[in-house]
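S.K.: Those sequence lines, one after another, are chains A and B.
Under numbering that gives the first Met the number 0, the first residue of the first sequence is numbered 0, with each subsequent residue one higher.
Under numbering that gives the first Met the number 0, the first residue of the second sequence is numbered 0, with each subsequent residue one higher.
It is possible that part of the hints are untrue.
[Claimed, not checked] Keeping only pairs whose Cα atoms sit at most 20 Å apart, straight-line, the calculated EDC-like set for lysine to aspartate or glutamate is: (1) B:LYS237 x B:GLU214; (2) B:LYS228 x B:ASP128; (3) B:LYS159 x A:ASP240; (4) B:LYS10 x A:ASP110; (5) B:LYS228 x B:GLU214; (6) A:LYS12 x B:ASP180; (7) A:LYS102 x A:ASP114; (8) B:LYS58 x B:GLU45; (9) A:LYS11 x A:GLU169; (10) B:LYS81 x B:ASP215; (11) B:LYS121 x B:ASP180; (12) B:LYS213 x B:ASP276; (13) A:LYS12 x B:ASP124; (14) A:LYS101 x A:ASP114; (15) A:LYS102 x A:GLU164; (16) B:LYS129 x A:ASP114; (17) B:LYS159 x B:ASP128; (18) B:LYS10 x A:GLU169; (19) A:LYS101 x A:GLU45; (20) B:LYS121 x B:GLU45; (21) A:LYS11 x B:ASP215.
[Unchecked claim] Derived, one-sided and incomplete: chain B residues facing chain A with beta-carbon distance under 7 Å: (22) VAL22; (23) PHE102; (24) ILE103.
[As the list claims (entries may be wrong)] Which stretches of chain A does chain B cover? Using the computed rule of at least three CB atoms under 8 Å from a CB of chain B, they are: (25) 63-70; (26) 80-89; (27) 127-136; (28) 178-186.
By construction, these hints were calculated from the structure, which means they are not laboratory data.
Predicted, not measured: the structure shown is a model, and the values here were computed from it.
Using N, Cα and C, we set each Cβ at its ideal position, and we do this for glycine too.
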Amino acid sequence: MQNRTFVESFVKKRLGLFGLLGVLVIVSLGLLAPLISAYPKGYGTEILLPPSEKFWFGTDGLGLDLFAQVVWGARTSLYVSFVAVMVAAVIGIPAGLISGYKKGLLGSLIDGIIDIFLTLPVLPLMIVIAAVVGSSITNVAVVIGLLAWPSLARVTRNSTLKVSELQFIEAARCVGISPRMILFKHILLNIAGPVLVNLTLVMATAVLSESGLSFLGLGDPTTWSWGTILKKAWDAGAVIDTPNPWWWWFFTSSFIMIYVICFNLLGSGINDALNPKTRD
Amino acid sequence: MANYLIRRILKALLTIFVSATIVFFIIRLMPADPVTLLVDPKMGPEVQQAMMQQFGLDKSIGLQYVIFIQQTLSGNLGISFKTREPVTTVIMQKLPWTLLLLFIVVTLTLVIGIPIGMLAAKKRDGLFDKFINVLIVMGISIFIPFLSFAFLYFFAYYLKLLPTGGAYTPPPAKGFDYILDVARHAILPSLTLFIGNVATIILYTRNSMIDVLKEDYIRTAFSKGWNEKYVVRRHALKNALIPTITVAGIMIGSMVGGAVMTETVYGWPGVGRLIYDSVSSMDFPVLQGAFITLAVSVVVMNIIADLVVAWLDPRIKLGG
């Protein structure tokens, strides 16, 4: 029954639905990239052409189709966000569960670590690590995940604190169910909502981080990512040069924004639909 | 209050220590050996040995770490691989520019963000509030280079109103002209970071104001016959600001991250741009020093935010 009211109220809030549709479009772009356009490589003769019927987003300084780059960039962005979310979830969820459930030293220790990591300037730290571990797209994704877990752990911890006070958890403890079972089944299922919302937010920020790192030249120069396209456009002076190939950076940047906005909308849609206060 | 202060300062010191340690070991564990970066193969073995000694690379990692912590505590961040200058000298040239930028942006976000958030809370669910909500979603989704590109394209390329980069027109002018020139250069970077951060402040002010206005003591204040303006100013504002100030403190961390990209795009000669430059030139001592400097600035600004919160919140001021 609860499921139906969740779906109903999610559909009723149009913004969340809009976000979901956007996410689906981007996911299919990324998955179907090989079918949509050929992998852009080498160079062409049609340099810096404005958007036209043949090249929807125009061409870059090497004469490569920018639409194809954006589509293949979507694939990279999805891969990076997915890996980053996985890494963040594998560390952040157990850390949050344990620190919220176990009161003693272990709990406060994990909480202290979360606190410290939340204070650190994350992007500069990512830059330092990415500069050291080298620029493979998987490395970048893992680094982003390794620094994205504290916020997820904080959300998991706060929800765990609330749920573990409830009577059914006490009952489970009395019946003699193992702490591991209580944590990963009874508590985790009950805090799935806020955790899921935070995961969509991690998806969104992961793309911002990856694009930022690639833009600063710390991405993988051999794969197309949205940040790499922007770096090439920037290095070629596409923003302030005359004549100005604005299409080189405009469409790619718009896709980054659309991706992030859609995931944020999806997250707040789920959040609103789960929250009984805002459900109607 | 005293206990609270001591706990905060201990936490701050621990945070700085952890960031320094993380960055030290990350850089030492990298696959590319700093020696190969530093030492030219054409140099003789004695020269190589002398250089290793100069940078302390001939000692074991544990010993290097102890020396590093000792030196950092005494304000010595090592010597740049590239320019052979002390890292502290390099950073001290850049830090004022970053602090100037952050100061402008923090002031702007608070002075503009808090009133907008309050207004949105007052007109809750009205047209203005809906409009602000859309802006908030856009704001928290902003990609700093995109915004910078758009600004540069419009204001510098299309309208030719503002400079395309740097912090002043070389050679630097004298006196008031110099200040005016720097101000002109600061407009776009500040505006970029401002838009990237003001949404969070508006969001938190709005939500906490809505929560506070539901409290019993606000209803009591209204029932005493005071008008809305007075109740909001005298009773609600102080409490509603607590989450806003806390988040402003936390935001500094992400703002510093945004500053790296902003400073890179606009060629603003701050610590963020220094990080970008030292990554390209693999100048690890500078990278390490710049990161520690940023971490210290973030922690200091966090403490300031916590002090303001303690001043606003009697539970902290009176309690432990």
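S.K.: Evaluate each hint against the coordinates.
M.R.: Hint check:
1. Of the pairs offered as hints, the one joining LYS237 of chain B and GLU214 of chain B holds, with about 13 Å between alpha carbons and a cut-off of 20 Å not exceeded.
2. With a CA separation close to 18 Å, the supplied pair LYS228 of chain B and ASP128 of chain B stays within the 20 Å bound.
3. Our distance criterion of 20 Å between C-alpha atoms is met by LYS159 of chain B and ASP240 of chain A, whose separation comes to about 12 Å.
4. For the hint linking LYS10 of chain B to ASP110 of chain A, the alpha-carbon distance of about 12 Å falls within 20 Å, and the restraint holds.
5. Simply put, LYS228 of chain B and GLU214 of chain B have alpha-carbon atoms about 16 Å apart, close enough for the 20 Å limit, and the pair holds.
6. Taking the CA atoms of LYS12 of chain A and ASP180 of chain B, the gap is about 49 Å. The hint is violated against a cut of 20 Å.
7. For the hint pairing LYS102 of chain A with ASP114 of chain A, the CA-to-CA distance comes to about 16 Å; that is within 20 Å, so the pair holds.
8. Under the criterion of a C-alpha separation no larger than 20 Å, the hint pairing LYS58 of chain B with GLU45 of chain B is consistent with the structure, at around 16 Å.
9. Under the criterion of a C-alpha separation no larger than 20 Å, the hint pairing LYS11 of chain A with GLU169 of chain A is inconsistent with the structure, at around 36 Å.
10. Of the pairs offered as hints, the one joining LYS81 of chain B and ASP215 of chain B is violated, with about 63 Å between alpha carbons and a cut-off of 20 Å exceeded.
11. The straight-line distance between the Cα atoms of LYS121 of chain B and ASP180 of chain B is roughly 40 Å, outside the 20 Å bound, and the hint therefore fails.
12. A distance of roughly 51 Å separates the Cα atoms of LYS213 of chain B and ASP276 of chain B; the hinted pair therefore is violated under the 20 Å criterion.
13. Restraint check for LYS12 of chain A and ASP124 of chain B: the C-alpha separation of about 14 Å stays at or below 20 Å, so the hint holds.
14. The straight-line distance between the Cα atoms of LYS101 of chain A and ASP114 of chain A is roughly 17 Å, inside the 20 Å bound, and the hint therefore holds.
15. The hinted pair formed by LYS102 of chain A and GLU164 of chain A meets the criterion: a straight-line CA distance of about 12 Å does not exceed 20 Å.
16. Note on LYS129 of chain B and ASP114 of chain A: the hinted pairing is violated, with a Cα-Cα distance of about 33 Å set against a maximum of 20 Å.
17. About 35 Å separates the Cα atoms of LYS159 of chain B and ASP128 of chain B, which puts this hinted pair outside 20 Å; it is violated.
18. Using a Cα cut-off of 20 Å, the hinted pair LYS10 of chain B and GLU169 of chain A is violated, with the two alpha carbons roughly 34 Å apart.
19. Between LYS101 of chain A and GLU45 of chain A the CA atoms are separated by roughly 63 Å; this puts the pair beyond 20 Å, and the hint is violated.
20. Straight-line distance between C-alpha atoms of LYS121 of chain B and GLU45 of chain B comes to about 74 Å, which puts the hinted pair past the 20 Å bound.
21. Annotation: proposed proximity of LYS11 of chain A to ASP215 of chain B is violated, straight-line Cα distance about 32 Å (limit 20 Å).
22. Interface restraint check: VAL22 of chain B against chain A, minimum CB-CB distance 6 Å, threshold 7 Å, status holds.
23. With 7 Å as the threshold, the beta carbon of PHE102 of chain B stays out of range of chain A, its nearest partner Cβ sitting at about 17 Å, so the hint is violated.
24. For ILE103 of chain B, the interface hint is violated, the least distance from its beta-carbon to any beta-carbon of chain A being 18 Å, above 7 Å.
25. With 0 residues carrying a beta carbon less than 8 Å from a beta carbon of chain B, the stretch 63-70 of chain A misses the three-residue requirement, and the given coverage is violated.
26. Check result for the stretch 80-89 of chain A against chain B: violated, 0 residues qualifying (beta carbon to beta carbon below 8 Å, three or more required).
27. Given as covered by chain B, the stretch 127-136 of chain A passes the check, having 6 residues with a CB less than 8 Å from a CB of that chain where 3 are the minimum.
28. A stretch counts as covered by a chain when three or more of its residues have a beta carbon under 8 Å from one of that chain; for the stretch 178-186 of chain A and chain B the count is 0, and the coverage is violated.
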